[in-house]
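Enquirer: Chain order of the listed sequences is U and D.
Position 43, counted from 1, in the first sequence is what numbering that gives the first Met the number 0 calls 42; the numbers after and before it change by one each time, with no gaps.
Position 337, counted from 1, in the second sequence is what numbering that gives the first Met the number 0 calls 336; the numbers after and before it change by one each time, with no gaps.
Fair warning: there could be bad hints in the mix.
[To be verified] Stretches of chain D that chain U covers, calculated by requiring three or more beta carbons in the stretch to come under 8 Å of a beta carbon on chain U:
hint, segment
1, 57-66
2, 126-136
3, 144-153
4, 172-181
[To be verified] Among chain D residues calculated to face chain U with C-beta under 7 Å, some are:
hint, residue
5, Ala-167
6, Val-434
7, Ile-436
[To be verified] From chain D, some residues computed to sit far from chain U (all C-beta separations above 10 Å):
hint, residue
8, Leu-36
9, Leu-159
10, Glu-203
11, Pro-221
12, Ser-426
Hint data in this document are derived by calculation from the structure and do not stem from the laboratory.
Glycine included, every Cβ here is placed at the ideal spot set by N, Cα and C.
Read off the chains here:
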Amino acid sequence: MAPIEYFGYALFALLALLVLASVSAPFYRRKKASFVLGATLLASIALTASYLFASGSSFYLFNIFKIYQFSMLFAGLFSILLLLVMVLSYDAPSSFNSFFMMFGFAAIGIILVPMASSMVGLLLSLELASIPAIFMIAINGKRFIESSVKLLIMSGIAISILVFAMALIFPYDAQLSLVQVSAFGLIKGSYLVLLALVLFIGGLSIEAALFPFNLWVPDVYQGAPANMSAMLSGINKKIAFVALMEIVFTVFAAYSATYATLFMVLSILTMFFGNLAAMVQKNVKRLLAYSSISQAGYILVGFAAASQYGLEASIFQIITHSFMIIGAFAIIMLLENLGIRTIDEYRGMSSRNGYLALALSLLLLSMAGVPPLMGFTGKFLLFTSAIKSNLLALALIGILNSFISIYYYSKVIIVMYQPKREERLVIPKAVIAVISIALLVIVIFGVYPQPMISIAERAASALLGV
Amino acid sequence: MIQILFISFITIAIAIAANIVFGRRHSQHVSIAALLLVLIYISYSISAFASGGIALSESLPYISSLGVSLHFTLTPISIMLITMSLIVTLAAMVWQGFRSSNTHSMNSLLLLFELSAIGLFASANLFLFYIFWDVGVIAVFFIIRSFGSASRDVASKNFLIYSIFASALLLFAIMLIYFYTPVGSFNISYITAHSSEIPTAIQESIFMLMFMAFAIKMPIFPFHSWMPNAYSNAPTSGSVVLAGVLSKFGAYGMLVLFYMLPVAETLNEYIYAIAVISIFYAAFAAMKQNDLKKMAGYTSMVESGIILAGITALNYLGKYGSVYMMLAHGFTIALMFIAIGSIEFAYGTRSLSILRGAVSSAKSASYSFMFSIFGSTGMPLTAGFVAELMIFIGTASAFGLYGIIPLIGVILVGAYMYLAASRSIMSTKEKLQEVGIISKPQKAAMAIAIAAILFFGIFPFILLNLVRI
Numbered sequence: 000m001a002p003i004e005y006f007g008y009a010l011f012a013l014l015a016l017l018v019l020a021s022v023s024a025p026f027y028r029r030k031k032a033s034f035v036l037g038a039t040l041l042a043s044i045a046l047t048a049s050y051l052f053a054s055g056s057s058f059y060l061f062n063i064f065k066i067y068q069f070s071m072l073f074a075g076l077f078s079i080l081l082l083l084v085m086v087l088s089y090d091a092p093s094s095f096n097s098f099f100m101m102f103g104f105a106a107i108g109i110i111l112v113p114m115a116s117s118m119v120g121l122l123l124s125l126e127l128a129s130i131p132a133i134f135m136i137a138i139n140g141k142r143f144i145e146s147s148v149k150l151l152i153m154s155g156i157a158i159s160i161l162v163f164a165m166a167l168i169f170p171y172d173a174q175l176s177l178v179q180v181s182a183f184g185l186i187k188g189s190y191l192v193l194l195a196l197v198l199f200i201g202g203l204s205i206e207a208a209l210f211p212f213n214l215w216v217p218d219v220y221q222g223a224p225a226n227m228s229a230m231l232s233g234i235n236k237k238i239a240f241v242a243l244m245e246i247v248f249t250v251f252a253a254y255s256a257t258y259a260t261l262f263m264v265l266s267i268l269t270m271f272f273g274n275l276a277a278m279v280q281k282n283v284k285r286l287l288a289y290s291s292i293s294q295a296g297y298i299l300v301g302f303a304a305a306s307q308y309g310l311e312a313s314i315f316q317i318i319t320h321s322f323m324i325i326g327a328f329a330i331i332m333l334l335e336n337l338g339i340r341t342i343d344e345y346r347g348m349s350s351r352n353g354y355l356a357l358a359l360s361l362l363l364l365s366m367a368g369v370p371p372l373m374g375f376t377g378k379f380l381l382f383t384s385a386i387k388s389n390l391l392a393l394a395l396i397g398i399l400n401s402f403i404s405i406y407y408y409s410k411v412i413i414v415m416y417q418p419k420r421e422e423r424l425v426i427p428k429a430v431i432a433v434i435s436i437a438l439l440v441i442v443i444f445g446v447y448p449q450p451m452i453s454i455a456e457r458a459a460s461a462l463l464g465v
Numbered sequence: 000m001i002q003i004l005f006i007s008f009i010t011i012a013i014a015i016a017a018n019i020v021f022g023r024r025h026s027q028h029v030s031i032a033a034l035l036l037v038l039i040y041i042s043y044s045i046s047a048f049a050s051g052g053i054a055l056s057e058s059l060p061y062i063s064s065l066g067v068s069l070h071f072t073l074t075p076i077s078i079m080l081i082t083m084s085l086i087v088t089l090a091a092m093v094w095q096g097f098r099s100s101n102t103h104s105m106n107s108l109l110l111l112f113e114l115s116a117i118g119l120f121a122s123a124n125l126f127l128f129y130i131f132w133d134v135g136v137i138a139v140f141f142i143i144r145s146f147g148s149a150s151r152d153v154a155s156k157n158f159l160i161y162s163i164f165a166s167a168l169l170l171f172a173i174m175l176i177y178f179y180t181p182v183g184s185f186n187i188s189y190i191t192a193h194s195s196e197i198p199t200a201i202q203e204s205i206f207m208l209m210f211m212a213f214a215i216k217m218p219i220f221p222f223h224s225w226m227p228n229a230y231s232n233a234p235t236s237g238s239v240v241l242a243g244v245l246s247k248f249g250a251y252g253m254l255v256l257f258y259m260l261p262v263a264e265t266l267n268e269y270i271y272a273i274a275v276i277s278i279f280y281a282a283f284a285a286m287k288q289n290d291l292k293k294m295a296g297y298t299s300m301v302e303s304g305i306i307l308a309g310i311t312a313l314n315y316l317g318k319y320g321s322v323y324m325m326l327a328h329g330f331t332i333a334l335m336f337i338a339i340g341s342i343e344f345a346y347g348t349r350s351l352s353i354l355r356g357a358v359s360s361a362k363s364a365s366y367s368f369m370f371s372i373f374g375s376t377g378m379p380l381t382a383g384f385v386a387e388l389m390i391f392i393g394t395a396s397a398f399g400l401y402g403i404i405p406l407i408g409v410i411l412v413g414a415y416m417y418l419a420a421s422r423s424i425m426s427t428k429e430k431l432q433e434v435g436i437i438s439k440p441q442k443a444a445m446a447i448a449i450a451a452i453l454f455f456g457i458f459p460f461i462l463l464n465l466v467r468i
């Protein structure tokens with residue numbers, strides 16, 4: 000065993016410790032202990048993952064998980080994002096210890112999704128990631144039950160569609176291994192396979208909130224507590240994209256023309272639906288839910304390009320959006336606890352707390368794709384990747400959409416800078432930390448995106464095996 | 000080789016950081032010092048331009064997968080426009096003085112705007128052009144939004160909507176260019192060299208998209224309706240940079256566009272007609288304004304029309320005449336807005352009908368206003384004279400006698416403004432009671448602008464000699 004492989008096992012040991020920590024959490028009386036434990040473990044996972052990413056090694060663990068640059072990028076990213084969500088949830092109304100019990104399991108599922116290299120591993124980790132989220136919403140109180148039940152039903156449907164799709168693939172590849180199927184090109188030229196492709200896309204579309212399958216999203220995001228909305232849109236949605244990448248770009252590589260068309264249609268519909276619906280929203284949280292749907296549409300532009308370049312752009316945009324949306328939901332959470340929900344109630348935010356107004360403005364401008372923030376770079380990469388794959392129309396529709404979106408983002412910004420005298424607003428330190436990290440990321444990698452782009456590039460080429 | 004532009008960016012960035020960190024204390028000193036330093040670098044680059052002591056092209060890797068680098072070129076045109084933007088921003092910054100409680104946020108926005116102006120005028124590829132274009136727009140939006148006068152809500156909203164529309168058109172056009180150039184490229188000189196390979200129909204659509212985007216910013220006749228509101232509701236420093244520098248973003252873009260795509264040679268006559276219509280429309284609109292700032296806005300639109308006319312001539316004199324006009328107009332319109340701001344400060348109103356006899360106590364502001372009218376009419380010894388001379392020789396050689404029509408518009412609006420101002424502001428029959436005394440920084444700002452107008456009017460060869468090399 001090569002020395003570097005010990006780090007792979009160390010990663011799993013850390014995950015196992017996380018299970019242990021989350022199982023024992025309900026027995027602690029004080030929440031500080033489980034918080035410190037969880038934070039240390041997640042930070043160590045992020046460090047190990049980034050070390051493995053930097054080493055550029057590639058090997059299998061237990062035959063169903065693969066350590067390579069693609070999986071390590073997302074393992075590291077998700078553990079950082081989980082850390083941010085955990086910080087946000089520390090002061091949530093629910094008991095942190097019982098929250099942490101679910102959270103640990105969800106974290107393991109989330110981190111395992113990019114590492115899964117077989118259908119079984121993928122299915123199990125997706126399941127593990129989505130089921131605890133239902134309870135994490137429900138434990139906040141009676142009024143959150145509705146939202147959690149909606150999530151339960153939708154996750155159930157998504158998982159059953161995925162299982163059905165895997166069953167259709169099974170005759171072609173009894174091992175269910177993603178790598179072997181793609182390596183030997185075993186699946187080709189059958190309508191059953193096409194049906195499986197469509198079912199995979201459909202099942203994961205529910206989790207990724209793509210157009211015809213996204214009607215649950217605004218209700219659940221609005222109904223859930225804001226820290227959970229941050230987790231659902233910043234992390235849970237992104238793992239669906241990661242799974243989609245793993246399946247579509249490796250197993251169905253021979254069908255690139257088919258899925259490119261499919262993704263193009265989905266992308267256009269999703270962008271228009273998200274943006275047009277967001278324009279009429281009055282509640283800021285609901286507005287962000289629709290905006291996050293439209294962002295899913297942008298991410299799909301890279302899928303439609305069906306090239307390494309497009310994959311790279313999608314990975315970049317996934318990283319960008321997860322930081323933007325978690326930062327934005329952190330602010331929403333704070334304001335929601337004070338009863339500030341609609342756009343009108345945001346009036347005069349700049350005089351109540353200048354930093355908060357500036358931060359939300361920058362995050363929203365980045366979502367709208369205004370340079371020199373990270374959101375602009377991501378969209379620019381996506382649209383040029385579409386152009387490089389000869390999809391000029393898709394690129395132009397994307398640009399049109401990102402300018403439509405400025406309408407509702409700027410509505411919030413303009414309102415915040417209108418004068419209205421009210422008492423000053425104090426931000427808790429935890430929220431300040433989360434907002435500042437998100438801001439730093441989008442500003443630094445917006446002004447100088449090259450490091451992040453080359454990271455995305457390495458992950459993309461690792462996935463495609465180039 | 001000294002990389003002047005990178006050093007300038009770093010200087011300004013440090014000044015912005017200092018403003019944010021230290022707040023109101025020393026904000027004015029730090030910001031003015033930063034601008035002066037950059038001005039010194041640029042004047043050094045003027046003297047070293049011929050001898051080659053400076054880097055004419057500065058490049059750093061940026062996004063290698065897109066083929067985009069941080070690539071800036073120092074051309075005579077960019078030197079002229081950067082000089083102008085520095086002096087105008089300096090005047091705007093000096094004008095607002097030391098007293099306001101938000102000096103540091105205003106100064107950081109002005110510095111950010113100046114950063115975007117330098118970047119835009121020197122950018123060698125369309126990607127950077129677009130980025131700096133949007134940064135400039137956002138900075139000005141926040142200047143109007145946070146420091147503007149009573150109806151800044153509507154004004155900033157209009158400004159934002161028009162600007163976003165312009166950005167969208169620009170981004171569309173840039174993407175089309177990227178798609179249709181042989182090896183997808185954003186580099187302006189590469190595109191210019193290979194533009195004949197783009198199909199004519201596509202060239203025309205790119206041209207129309209970019210023309211509309213730049214016409215909104217300049218502004219040119221059918222796309223100007225954001226202008227009166229934004230100019231009149233912005234704070235004085237904001238109006239100064241808005242009319243003085245931001246409108247040059249559009250004009251400079253127009254210049255780049257006309258010399259980038261060969262299709263311009265067939266479309267230039269139509270665009271010239273639009274320019275003439277715009278000049279006369281703005282001239283007549285200026286005549287019925289009572290608000291001094293709106294009047295100044297329409298005069299500035301007249302001169303934007305002249306700049307566009309010079310560009311459409313597509314010859315040597317037209318090109319450099321319009322660049323010199325951008326420089327001259329930057330100074331005169333800055334002076335005009337600064338003078339109006341000071342008059343408003345002194346009497347609390349901008350209404351031409353109320354301001355009878357303003358000269359009785361606010362002498363400096365009133366005389367500066369008169370001087371700015373002369374400057375914009377193109378009086379000899381002002382920078383505008385040189386520019387208009389070059390432009391009209393250029394348009395006359397391109398369009399024959401039709402090339403001189405815009406001159407009528409200029410004289411018309413100049414004569415009207417002179418008469419109107421001399422009857423109300425300069426009237427000696429009435430006396431007006433002042434409510435505020437014009438402070439030293441305000442006078443200094445006017446002095447800066449006047450000095451610039453005269454300096455570049457008396458010594459036009461300092462900058463125009465760069466072109467000959």
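Enquirer: Each hint should be assessed against the structure and marked as holding or not.
Expert: A quick look at each hint next to the structure:
1. 57-66: Contact hint for the segment 57-66 of chain D vs chain U: holds, 6 residues under 8 Å.
2. 126-136: Coverage by chain U holds for the segment 126-136 of chain D (5 residues, Cβ < 8 Å).
3. 144-153: Satisfied; 3 residues make the cut.
4. 172-181: holds (count 4)
5. Ala-167: holds, 4 Å
6. Val-434: violated, 24 Å
7. Ile-436: violated, 28 Å
8. Leu-36: Label holds. Min Cβ-Cβ 22 Å, cutoff 10 Å.
9. Leu-159: violated, 6 Å
10. Glu-203: holds, 16 Å
11. Pro-221: holds, 20 Å
12. Ser-426: holds, 38 Å
The structure fails to meet hints 6, 7, 9 from the earlier list, while all remaining hints are met.
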